[in-house]
Amino acid sequence: MLAQNVAFYILAVAMAGAAIGVVRSRNVVHAALYLVVVLAGAAAQYILVAAEFVAWVQVLIYIGAIVILFLFGIMLTRAPMRSQGSLDNGQWIASAVVSLFVFGVFTALLVDAYGGKEIKLKNSLVVIGNSNTVGSSIFRDYLVPFEVVSMLLLAALVGAVVIARRD
Amino acid sequence: MGLNQFLILSAFLFCTGIYGVLARKNAVLVLMSIELMLNAVNINLVAFSAYRSNVSGQVFALFVITIAAAEVGVGLAIVLLIYRNVHTSDLDEVDQLKG
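Going line by line, the protein sequences match chains A and B. Numbering-wise, the first sequence is residues 65 to 231 according to our numbering. Numbering-wise, the second sequence is residues 124 to 222 according to our numbering.
The set of hints was computed from the structure by calculation and includes no laboratory data.
Covered, in the sense of this in silico footprint (three residues per stretch, anywhere, with C-beta under 8 angstroms from a C-beta of chain A), are these stretches of chain B: (1) 127-141; (2) 152-158; (3) 177-184; (4) 203-212.
All C-beta atoms, glycine included, are put in the ideal place defined by N, C-alpha and C.
From just these sequences and the hints, can you work out the full model?
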């Protein structure tokens, strides 16, 4: 149990630092690369709680596809690559106050509601996280939402083509 | 492992995303901050799935990942369209809808 805790805290510190890098970096490409660190850290956290299928989907789709989309977006919009001019607007103090306030409220509520609850790493968790269980749950209990999501992906694909097409 | 450590990490990522959405000027960076917030939700879902020994949280995390992919596709298409018409991706300068 100690090893998992140590791993969690190392990953958590890396993810927190990289998340701050995403929102504070002066360079758009660096922000995208920091985002890769956060996403990979989240995948490692899923491995820690034995959610291996979600972890690999995270690596494939988030790191493999979404970050590539972001890099294409950066290239196509000619975002400022060097630190010329600020990427922030003038309201960073108000934003910091708002986000710190929300973080404080969340922390107080979570400590109050779930303080001391333990995730017990049993063998059943490993069974729950594997692709067999997840797949049978999707195709038995969540079949209708799965079909709705596939229609939504199709609509998003067609919509993106229609919006971005040069006519 | 405590459940709370996952939840507080997720709350931190979510609030970092809020900061990014409010304070960033570039549209692509705002989309990245939204991705941070969706990731925070995913960590919550997977942690509760492990805590309750129930697979539903992981299935919902997969749905959230799918929605995030669709959102980035449509969002970047809109950003490209705005860039082609206004020649900027700064959200401060996109105020054509302002009365």
